[in-house]
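> Spelled out, the chains give:
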Amino acid sequence: MLFGCIHVPDFPVQAALRREPIPGPVALLDGPESLLKVVACNDLARNAGIDIGMTKLEAEVCPGVALRKRVIEDEESAQAALLDCGYSFSPRVESTCPGTIIADLTGSERLLGDGRNIGPLLLDRAEACNLKANVGIAANPDAALCAARGFRGITIIASGDEAVRLAHLPVRVLKPTPETLDILDAWGIRDFQSLAALPPIPLTQRLGQYGLHLQRLAKGGVERELVPAEAPTLFHEDIELEEAVELLEPLSFILNRLLEQLTARLRARSLATDHVQADLFLEVHPDRELSAASLPDSIAPLHQRALKLPVPTQEAKVLLKLLQLDLAAHPPQAPVKKIRIEVRPARIRLTQTGLFQPLAPEAQKLEITLARLRAVAGETDTEGRGRVGFPVILDSHRPDSFEVLPVGPDRDDQRALVASSRLALRWFRPAVAASVELMNARPVAVQFRRKKARVVHATGPWRTSGAWWDAKESWNRDEWDVHLSVDGASGLYRIFLDHRTGQWFVEGMYD
Amino acid sequence: MTSGYVELHARSAFSFLEGASLPEMLAAVCAARNIPAMALLDRNGFYGSPRFHMAAQKTGLRAHVGAEVTVRGENGAGNYPLLCESRTGYQNLCRLITKLKLRVPKHAESDTKLEDFEEHTEGLVCLTGDEQGPLAEALRRGGLERGRRLLTRLKEIFRPENVYVELQRHFQRDQEARNQAAMELACQLRLPVLATNGVCYATKTDRDILDVFTCIQHKRQLTTAGLLLARNAERHVRSPEKMARLFRDIPESISNTVELSSRLQFTLENLGYEFPRYPVPDGETMDSFLYARTWEGVRARYRQVTERVRQQIARELALIEKLGLAGYFLIVWDMIRFCRDNDILVQGRGSAANSAVCYALGITAVDPIGMDLLFERFLSEERGEWPDIDLDLPSGDEREKAIQYLYQRYGQLGAAMTANVCTYRGRLAAREVGKAFGFDPQTLNRLSTMVGGFEWRGPNDTFDRYFTTAGLDLTHQRISKYLDLCVRLQDLPRHLSQHSGGMVICQGTLDSVVPLEPATMPGRVVVQWDKDDCADLGIVKVDLLGLGMMAVLKDSIDLIRDHYREEVDLAHLPPDCPDTYDVIRKADTIGMFQIESRAQMASLPRNNPRKFYDLVTQVALIRPGPITGQMTSPYLKRRQGKEAVTYPHPSLEPVLKRTLGVPLFQEQLLRMAMICANFTGGEAEELRRALGHKRSERRMKEIETRLRSGMTQNGIAPEAQDKIVQFISSFALYGFPESHSASFALIAYASAFLKVRYLAAFTAALLNNQPMGFYSPATIVKDAQRHGLKVKPIDVTRSQWNCSLENEGGKNVMRLGLRYVRGLQQPAALALEAARAQMPFTSIEDLAYRVPQLSRADLAMLARIGALNRISAGTQLHRRDALWQVQKAGHRVGPLLEKITERDASSPLLQMDVEERLVADYHGTGLTTGPHPMAYRRRELRAMNIKSAAELKEMRNGVKATVAGCVITRQRPGTAKGLIFMTLEDETGNSNVIVMPDFFEENRVAVLYERFVEIAGTVQSHDGIVHLRAESIAPLRISSAEVSSHDFH
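Going line by line, the protein sequences match chains A and B. Counting in my numbering, the first sequence runs from 169 upward without gaps. Counting in my numbering, the second sequence runs from 500 upward without gaps.
The following block holds chain B by itself, in its conformation from the complex:
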């Protein structure tokens, strides 16, 4: 008899509300309790298997693979635990689950029958399950006889040697009665018995979480869930000794676990994934075809093909051929070609920009040879890992077109989106646990709004504080239990959604690699793993990412073509345009990609960009990695010549020279590790993944040890070692690779260039693609107006759904689009445009009659914002005239008053005053095209000695000043140690205010909630960057208009 015990039936939290522990936790507890192997059988999928596999590798656990498959109906209903004995078994189970999932829409219950198993049983071992399993169900429905029929049927389907009668002991009378029946049947039918503990959570204490999950799943409260809740807390990971003691009367049930475990040879180590082949013309191989396409591209890209280019291309192509990746490059090239043919703007980013082949194929727009980028960062022979190509596409319909193209080309079972695991974070946890605890809707709403918020987690930003603020009494036992569960639920998976752009491709056979399921969006299929899991298991993916700015650039180019009669080619923008760099240097960058944030603006005058590479460093500079690694400030000082350029070690000079001795990019850190600590390319890649990975703290520690020993070998002094380790570990907080930075810098430059040259087109495009970026539409409009753009208000006789351009006196002016009318739906606006195109409207009555899609509320809103003022030709109404008419339009008044007619122009109402118009504008459109609210009060403000934003910029360092304005942003970055950055806007521009943490705690309400404030403080002016450090703050009664602030970035 074999000693020991293997747990062959466990569920993780990836069974979504039916398990309560993460796979990593299960693996850790197994290791602690000396369990040599465990089978993770999540419900209807392999959702948690990759993470279990990776965690098991670290702890030395053998991770068996399987799933519980739910069968419904009269015969054989129950959850079938199925274990994969071989790769064939795994592939069978993948296909089976895919088949079951894809035949019903997402969220619908599958109508799986036992017969569905028949074609997919090879290599699978079937257990008879727990109280929800088929045997228990059969015994419940028809006693021993029905149980016998079921087991006989299972023997036929799976073959006798692959069916095990499962026994569990959770100290329950009915379960024990079932066990007796099961053993009797096993004996009669000569089937082996198998002990399992049906693990649902790692430790006893996690039973609470499972109970809460049960409530969430069944939409019940803890007090009313009754028998749905667990009867006791016994479904945890039990040690082999305890299991042996529990089943000492049936020792074979324990020894069989070890025997069965030894049969289960399959692990996720070898999935059998192969990247699809690209169809090439007869007589060509994929390599020859790629070779030809690349050289075509090289000739188009490089006007002069130098020897260096030739060598680099040849080197890359040779490696691609050696690694058998030609198909992958051709597939991406094909995708790019599709986008070009369909006028979809596309640009590669990420490490692909390090490849000259990618540049030649048109995948990326940055010349890696010109920029001296490291190809190994993209592809290395040593790593044995697939390359990663990310494509930026305009967000919206065009990205969808590209995704659908991949589905069409590779088939529903050949391409799928990667999943995105939605986890319980602060807000969701507080809400759902609150529901289980039976809190009323108002409390839940209040909690949801309180929890979350700023990125910075100050000492006060804890659940305790949120709950206290929401009015909950933490001394109450039930509430403290609630708090405890909210904290414990953090990071547990809630459900699967689709990743925004990650696609995996496996020509026609993806369903044998990972189960596929339908997404909520029609026509989409999702794999059961997220992108990290796919990468861990070596599945190649293409990221088709929607980038709002790409859509802005595309729309701008279209508007420029139509209204300026000029053709802009993004690939051939004038390089280093001085006007553009002038504007960037002045930090006048609202609306520009990546360089518009407060922190970017504050560093632009210091970095003083004059050429493209300066922008590349600028984009990388303001990232959490360089900021917390204290690299930003030394770099800027060195740029300004205020600090000498030094290197942590002389050997690093070649690597860090371009960035003045300060590492800003991931590649530099990898090269540093290679040079200083003798890391191999593969080790460097492991370092990169540890840096980019969320679950990596322990890995970082291991790498630090390895780094230090390498550096000691190379005789690097301890101080220099500390510096280098600090550089490297701070990148754990995220920094950019140089290639990625270069791709983004290209877009940043393009956006700046278009804004400077074609302000009207750029502003309209930017407004048509909101929400995006750092500022609200109101701020974008005011900024454009300050730069000389005439912005015309919404007018139903002129406005389209989108913001559009009009020619006025030979100049392009912008007309605000109907999309900004609060509550107005696009179909109604399009119907309005169509009706207007047929014949202009003659009156409000006419508009209401001809566009029935407009509700009375729509009409009233249009009237309120002045969009109906010009509806009657030759007559100028005022807003209240229009409101008066709107109230009547389409209103049936009965026969008595029916025949009384009125003219549109007449109304007994008074015209709106300035304040009323402002309130109506902000309420109805979120912005005003008229003067800024502060402009109306400037004289009074001046009398109060309050400076305007423009005046503040001229003030000297250290003087006291008071500014006032409307708060447009509040930011509390995670890297700023609790500082809050506020931006106040007035008619002359923006003032930057710094709020210290203690000042914030004392003035929380004024800082967070007031719309208009006056702030007094000390001016801090350095290198042309002016801030006001707040010392007092007071609300200001300027207007009751609902101006909004973009907060919590």
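Excised from the complex, chain A in its bound form:
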């Protein structure tokens, strides 16, 4: 048996450096914006005085240290690269923890030679991925892991030498629980050797099976099966077209095929999807007569659309319909020459409705209806609120404060409307700018939409203000309910003065 472990020290930092190589000391920050703290750093930064847990301001005091925000995706991609390193040597690779993988190298000796040959190869492969790693090779996975964690460079441990070679490593390399580490520390057990020397039965009486397991690890004698890494988390299908397609209808045939294939694969694994991404690679120069200069700059060669579903589905037809509607609303601006569809697998959600619960529309059908409405009405209004969905009144004194949710709220959460007026107000969205004449601080004439109206009667001001802690969000305004008369016609309106800008608006009309 032969196992090789690749361990990347300061993994989060190295993962970040793959994206942005920085020579010298680097520290990664994470946490809320108001209190960023150092979560990882390299040796150079440590030497410059950086400690894990320092705040950003404390870290900034240390000279010459580059501070970067932690990006989890960097680590995911580095871990995937590390797994690829492993897979290039063995089909059985374990993603042990972030920054560490173990590959089962049994049988590869004939191809690659013994550990002395394989070690540098593993190291080189990791370096090719821009990761500076330590490599441990041993006859069991955990000895290889301890060697990679505990020693720098390549460590090859011959079978039977584990206990001797690991003897002087500190016990924290085993990553015991904090409580166990405390007990071992109180006992004066600081390295593998002294842990290994404890009598096993009394040790088990004190620390249980876990203690015994740690001791076996310290002796380098634990045999276990690897837990191979799971299959990829994305399913995708690609197709390169012989001739670029311009119209949506022929494109739908192709999309349908791809989606059928993908949903078949999902079904085979009892999975569904709630996230579909369509990458349409565009032919930017389809016609010889069309010169490159005449193409607008804004056309990108990749037209990317993503759909998020409220409920995972395996239905290709549903997905196709949604994609069609989306593409109808956002058509590609050039012919499509290549298509790639990615679906993210999700577990099928099984729900049973209550016996007496009224039937709600089927989730998929509802989603299609909403998508149709979105295609007609548009996604958002000028204030960034959704146009299609379920309106929900916000818990705020701010006038006209509501949002539109894609999914309806629970009925219990919906705040009861307080009827402050018997009249219904038709809101003008957005409010119409107006100019108002005042007399004794009361409006006497209002001009809007190029008409000037006389104020017959006015009540107010009704004053609201709030969100004073946030300059962008704050509001402060006086509302008036006015009876306007113009050209013999009259009506009841609501006007308001925005104190921040000094501008008057007509907000709506009472029925």
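Each hint should be verified, as a subset may be incorrect.
[Stated by the list, open to error] No more than 25 Å apart at the CA atoms, straight line, and that leaves these computed lysine-lysine pairs for PhoX-like: (1) A:Lys640 - A:Lys619; (2) A:Lys506 - A:Lys476; (3) A:Lys640 - B:Lys934; (4) B:Lys1053 - B:Lys1141; (5) A:Lys205 - B:Lys934; (6) A:Lys533 - A:Lys485; (7) B:Lys900 - B:Lys605; (8) A:Lys387 - A:Lys343; (9) A:Lys505 - A:Lys533; (10) A:Lys640 - B:Lys980; (11) B:Lys1085 - A:Lys640; (12) B:Lys980 - B:Lys703; (13) B:Lys1387 - A:Lys343; (14) A:Lys506 - A:Lys485.
In short, the hints are calculated from the structure, not lab data. In this text, all values refer to a predicted model and were calculated from it rather than measured experimentally.
Once you have looked at the hints, place chain B on chain A.
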């Protein structure tokens, strides 16, 4: 029609999170806006009324009294604004609130019903309230009909002429609709309407604070509080003109405010408080009874009753009789008698020590006649103020016994603790506002630890700096708003707690003077006012203060009785014991009351005390008043004969002679004012209160003007005037009265005497009453060891919960108590003692089995500190043997390993080395009974030319030296202009280091956070006091033991 407007519905910040301005601020804004009167109606109490009353008196405002009372339930729910028309009304409201408060525990919501009002409505005027008021609630629940029923009911309860329909206009549609309904009902039921603005804050800008308070109250964030927040900023104090304009369509609502205001005759000026009577035997009056008790006491106290004593006692008794205070003295005497009978150590302090009657009654221990103390300072006919007696009792159970005795004797409605108003200070403000702004817990913790700290506020010790250090970006708009609010919240009240010892007594009728409420502690009742408010309103109080040193003295006496077989009587200690004064003069005073601080130690060799009065001056000398008034240094120079004794003015010689021409005591300043500026006794008392009062800066200015004009009249030269004014105004920063100083000096002398004569008993008592004093237990133990006390480590076969004494070879040695085992709870330790008393433990397994209260963590901690080393008779374990066994004890291992037995003695683990033992000792007990950590490294330190503390003391002034040690105190007193005083400890003693402000700024981390340091600098040696002025500092790797420093005093 009457013109003008009176605000009859206002809440202050004393409505706790429902109002945002202090009463003083409301009064000031009223004055600025020409409002002649205002009614402060705090929620369910008169919390802010005394301060409003006092502030109103100054500005000429009429302060109406009232409260908002909350009613719950289906019928008539809401906050009822009730105004006190007469004293009867006030008393009714007091009783009503007390009744409602006392029937539910503290913090519980009262289940008040409208019917509860019925017996208490005489003299009260009821308004119908704002949007949280009963009328709005009734209209919401059942429209006009329900509103009509409510008003009809209120007319029945309060009588028609006492119900006003309240109208408010905050520019809100629903409010205006409510107003229309209210006016319709008022018209139908012939009730008057009344305009109010429902004031919640003084000015518009304070609405932010109210919003933050709302978030704190509802545990929400500003961004999620939504409709709980204010809709606009209109609930501020509006001027009469604006109110008249706002209600121009209902002018009667404005004129009615003036009419109603003229009906409200009651103010807090005359509360109707009477001090209780003391029950005396038939045929006696309180005066005759007091006369008899006093003369009994005189004969016991003074072996020879001189004519002077006789005259003084007679004079005092005559004044007491004239002022009708015999009951008060008898009540305090009764209290003292209770303490004596129950073996509770008690001693009066404060101005009571000026009274020979108090001395004779056993209330105080200082002879005011012998010490020539001024009786008028305690009691004067002119002042018309109640005397103030403070009693020091041992802190803890014994003080509680004394408090409970007062409750028992005067009833729950007859005695109560005064309140303590907890206000928003730096740390609390930063934390709570931070929560409202939605900061995460780590940021909040960080802010809390950053804010606060040293007493000195340097130019860098500002909120800005704390926030920057905590990692907040001050350029961010939200953060700068946060900072602004933290600053504005300072000093606003947060909640009420009970004062540590102030009690007011009013035999059975206290609830008609001030509302009472339950305290968190069971069996305690608290009044709604703090001690200053009580004093302002002339309510007499007795302070039962817990003094840690009293408990130490008491415990020492018990230990001496048990182990030295000697009886010590504190009242009859050998006076002027030379050994004791020798030690005090050498400033070898760690653990001694009041004279152990760095500053005290630095002045003791100069003051060179040889008799009791020297100690009295010593105690008064190191106070912020004398220090900032630059009196300390001249006094010490005059003591040493280095400066001639002079007086600011020849007329002051009789007053200042005893203190060498330098005023050190409050009495001297009052007498100076009387002599130089012709102050009357009453004016002098006003001066005293201005000096002692926090809110007094303007008063001080007024008094200064009065002083100067008086002195000019007396022909005192301007330079002398400046000097005298400087003396007097510096006392605003706090100084002691002579009597108080004398009481403290007695305790200081007693503590010094016991430490010198009975070191083992005193040290054990001191350690059993921690935390107290200036030094940590580790320092106290090391100091005792250097003085020859053998301190034995914690041992489960010998140690008790408390530190105890053992006899070893005829000498008393001290055994450290189990109370010092980190994390060990007292019940577990007591169970251990009980089990051990039945039969000694045979093994760790036996201990774990017989004392199940000991957790595995307790056992491991005991093993770690070596307390289990001797558990098996005849076998000495080492700490790791014990740790090995502990891990197994009581651990179920399953059937396979169950039958395998081990002996306690065997363990495969290596013994702890010295460093490991030190780490374990400090981690587990906070101290070590073994050698000092520095002792192990002395040879290396010597090679580095680092001096020990003992060597430093011998060095000449001006030479360079390097010392090293463990930092035991860091102090940055407010009076020291940013200097930091560090004390380093090694095995030979303590070295004193001075850190200059600029050096501190450059070496902040090393000065504040390092445990062991080496400091190089220049020796400053004057009059036997040696300091090292730091010029470089470096951390020293001596040990990783968690030695602790007492910081930020």
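> So, for every hint listed, does it hold in this structure?
The hints, checked one at a time:
no.: 1; hint: A:Lys640 - A:Lys619; in the structure: 32 Å, violated
no.: 2; hint: A:Lys506 - A:Lys476; in the structure: 22 Å, holds
no.: 3; hint: A:Lys640 - B:Lys934; in the structure: 21 Å, holds
no.: 4; hint: B:Lys1053 - B:Lys1141; in the structure: 41 Å, violated
no.: 5; hint: A:Lys205 - B:Lys934; in the structure: 20 Å, holds
no.: 6; hint: A:Lys533 - A:Lys485; in the structure: 11 Å, holds
no.: 7; hint: B:Lys900 - B:Lys605; in the structure: 22 Å, holds
no.: 8; hint: A:Lys387 - A:Lys343; in the structure: 15 Å, holds
no.: 9; hint: A:Lys505 - A:Lys533; in the structure: 31 Å, violated
no.: 10; hint: A:Lys640 - B:Lys980; in the structure: 13 Å, holds
no.: 11; hint: B:Lys1085 - A:Lys640; in the structure: 66 Å, violated
no.: 12; hint: B:Lys980 - B:Lys703; in the structure: 16 Å, holds
no.: 13; hint: B:Lys1387 - A:Lys343; in the structure: 23 Å, holds
no.: 14; hint: A:Lys506 - A:Lys485; in the structure: 21 Å, holds
In this structure, the hints that do not hold are numbers 1, 4, 9, 11, in rising order.
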